[in-house]
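Fit chain B with the ligands to the given chain A structure using the hints.
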Amino acid sequence: MASKPKLSMYWASSCGGCEVSLVNINEKILDVAANFDFYFCPCLLDTKKEDVEALDDGGIAITFFNGAIRTEENEEMAHLLRKKSKLLIAFGSCAYEGCIPALSNLHTKAAHFKSIYIDNPTVDNLLGIVPKHETQVPEGKLTLPAFYERVRTLSQVTDVDYSMPGCPPEPARVWNVIEAVIQGKTLPPKGGILGAGNSSVCRECGRKKEDKHITRLYRTYEIIPDTEACLLDQGLICMGIATADGCGALCPKVNMPCSGCYGPPAGVFDQGAKMVAALGAILDIGEKKGISEDELIRRIDMLVDSIPDYSGTFYKYSLAGSILGGGRA
Amino acid sequence: MFEPRIVGFLCNWCSYAGADKAARAYPPNVNVVRVMCSGRVDPQFILKAYKAGADGVLVLACHPGDCHYKEGNYKALARHRILLRVLAGHGIESARCRFDYVSASEGDRFIEIITEMTDTVRALGPYAGNTMGKRS
Ligand code: SF4
Ligand code: SF4
Ligand code: SF4
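So the sequence lines, in the order shown, correspond to chains A and B.
Everything in the first sequence is counted per the working numbering, starting at 1 for the first residue and increasing by one.
Everything in the second sequence is counted per the working numbering, starting at 1 for the first residue and increasing by one.
Okay, chain A solo, but in the shape it has when bound:
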């Protein structure tokens, strides 16, 4: 019997949710096992890095790589798995566009170390010890993987064949992709997106859309929204309008605005800027006739100043992958 193609899944700077999403394909995991030799996955299997190194280049058919690139180790594994895999797939928002880890790009590495290891109220660290790449001890030199200044996406460090959006990708979409590979279907051109649609979350959302006029923005804790009407119409910043479809509008279905985890829709190259465009078109500042330029600005600012965190709202998942990359240049 010819040996089955190898499948691997790796976590870089990630939370583990992407692995949960893979196993949430439930009994289909048996089909995966029937068609693939699930070879390497530190979260679920015992194979080691050495076992990957021992393979021929291209010896793994598919690698689902989740997690962003934050450390030297993340990058090393990205290069190794690139070399050993025929298809390297950025699996989930962290690998695809940086996701939550990339919001840390708004601050420096030094500031992170200070708040985590020194200012942290539950830590006593009078000597101000922070992790170092190299530490000299009497017995010799100890090293840790370097912690980089910025978080990068997988495609910013190595060549990626496809990206699967979502935080995490929906199990049904994960299965669609695996099934397409098992059935030998033609995949889209290299560099494309797998497991998402060509439209926006609004397409999958059954809420009633009206002509939008927003006179006040609300944060989710401030109102219990109507369950039928579009959440954006009700003044909640629902990113669905600037987010690729694929999840089935999960969040609006449970009365929560979409926060954008499926990334920009097809044809949009900056999710945050797209949302700014949409929002700017629907803010309603009342009668504008005879109003001074300053008053116009005052009214708009009053509305938008109620948004507590601009990067975290417009680029919750896509900061590292955005056009300007976020943070101090």
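No lab work stands behind these hints, which were simulated from the structure alone.
This structure is a prediction, so every number in the text was calculated from the model and none was measured.
Just so it is clear, CB atoms sit at the ideal spot from N, CA and C, and this is done for glycine as well.
Careful, some of the hints might be misleading.
As the list claims (entries may be wrong) - Calculated lysine-lysine pairs in the DSS-like style (CA-CA distance at most 30 Å, straight line): (1) B:K48 / A:K212; (2) B:K70 / A:K209; (3) B:K51 / A:K109; (4) B:K51 / A:K288; (5) B:K21 / A:K289; (6) A:K6 / A:K83; (7) A:K132 / A:K185; (8) B:K48 / A:K109; (9) A:K212 / B:K70; (10) A:K190 / B:K51; (11) A:K190 / A:K48; (12) B:K48 / A:K190; (13) A:K288 / A:K209; (14) A:K208 / B:K70; (15) B:K70 / A:K288.
Stated by the list, open to error - These stretches of chain B come out as covered by chain A in the derived footprint (C-beta under 8 Å, 3 or more residues): (16) 41 to 50; (17) 62 to 74; (18) 77 to 86; (19) 90 to 101.
Relative to the frame of chain A, chain B with the ligands by itself:
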């Protein structure tokens, strides 16, 4: 002296015509993109301009109430106010992104704004985050 590169999105109905009325010499730093309405300026275009090497971006619209399409300039203003806040998260100073009004007859005002913007961005220095590499 540092010569900033500025991308100016000028509305066809007002500022673009206003620029034609500019009867005196003005700084050559603004690369003009003619648009059919300031409301057509997708904030993605602005981010792309910085990425491609702009040190500043200017959006010039019709005065309030004068938009050829009624509301385009209000939308452009609202987008600009939100974008300024978003740009801060990208490490871009708000002075690098200016929104203003110039009518088709305001050649002098056009010159004033271009000159001011060029001076402001020159004082700020090059935008460090663009991908055009180091300039001499
Ligand atoms: S994409 Fe979401 S679920 Fe997957 S590792 Fe990142 S944070 Fe976790
Ligand atoms: S904006 Fe949100 S709530 Fe409204 S239709 Fe789109 S996804 Fe649904
Ligand atoms: S509704 Fe938005 S945030 Fe929620 S799962 Fe779908 S894409 Fe992600």
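Checked hints:
1. Simply put, K48 of chain B and K212 of chain A have alpha-carbon atoms about 28 Å apart, close enough for the 30 Å limit, and the pair holds.
2. For the given pair, K70 of chain B sits about 23 Å from K209 of chain A by alpha-carbon distance, which is consistent with the 30 Å threshold.
3. A distance of roughly 24 Å separates the Cα atoms of K51 of chain B and K109 of chain A; the hinted pair therefore holds under the 30 Å criterion.
4. Note on K51 of chain B and K288 of chain A: the hinted pairing is violated, with a Cα-Cα distance of about 34 Å set against a maximum of 30 Å.
5. Taking the CA atoms of K21 of chain B and K289 of chain A, the gap is near 28 Å; set against the 30 Å cutoff, the hint holds.
6. Distance hint between K6 of chain A and K83 of chain A is fulfilled; the C-alpha atoms sit about 14 Å from each other, no more than 30 Å.
7. Distance hint between K132 of chain A and K185 of chain A is unfulfilled; the C-alpha atoms sit about 48 Å from each other, more than 30 Å.
8. Of the pairs offered as hints, the one joining K48 of chain B and K109 of chain A holds, with about 27 Å between alpha carbons and a cut-off of 30 Å not exceeded.
9. Our distance criterion of 30 Å between C-alpha atoms is met by K212 of chain A and K70 of chain B, whose separation comes to about 17 Å.
10. About 24 Å separates the Cα atoms of K190 of chain A and K51 of chain B, which keeps this hinted pair within 30 Å; it holds.
11. A hinted pair counts as satisfied when its Cα atoms are at most 30 Å apart, and K190 of chain A with K48 of chain A qualifies at roughly 29 Å.
12. The suggested pairing of K48 of chain B with K190 of chain A holds, with an alpha-carbon distance near 24 Å, which does not exceed 30 Å.
13. Taking the CA atoms of K288 of chain A and K209 of chain A, the gap is near 25 Å; set against the 30 Å cutoff, the hint holds.
14. Distance restraint check for K208 of chain A and K70 of chain B: the Cα-Cα separation of roughly 27 Å lies within the 30 Å cut-off, and the hinted pair is therefore satisfied.
15. Between K70 of chain B and K288 of chain A the alpha-carbon distance is near 11 Å, which keeps this suggested pair within the 30 Å criterion.
16. Restraint check on the stretch 41 to 50 of chain B versus chain A: 7 residues with Cβ-Cβ distances below 8 Å, three needed, restraint holds.
17. Only residues whose beta carbon comes within less than 8 Å of a beta carbon in chain A count, and the stretch 62 to 74 of chain B has 3; three or more means the coverage holds.
18. Counting residues of the stretch 77 to 86 of chain B whose CB falls under 8 Å from any CB of chain A gives 9; the rule of at least 3 is met.
19. Under the rule that three or more residues need a Cβ within less than 8 Å of chain A, the assignment of the stretch 90 to 101 of chain B holds, with 4 such residues.
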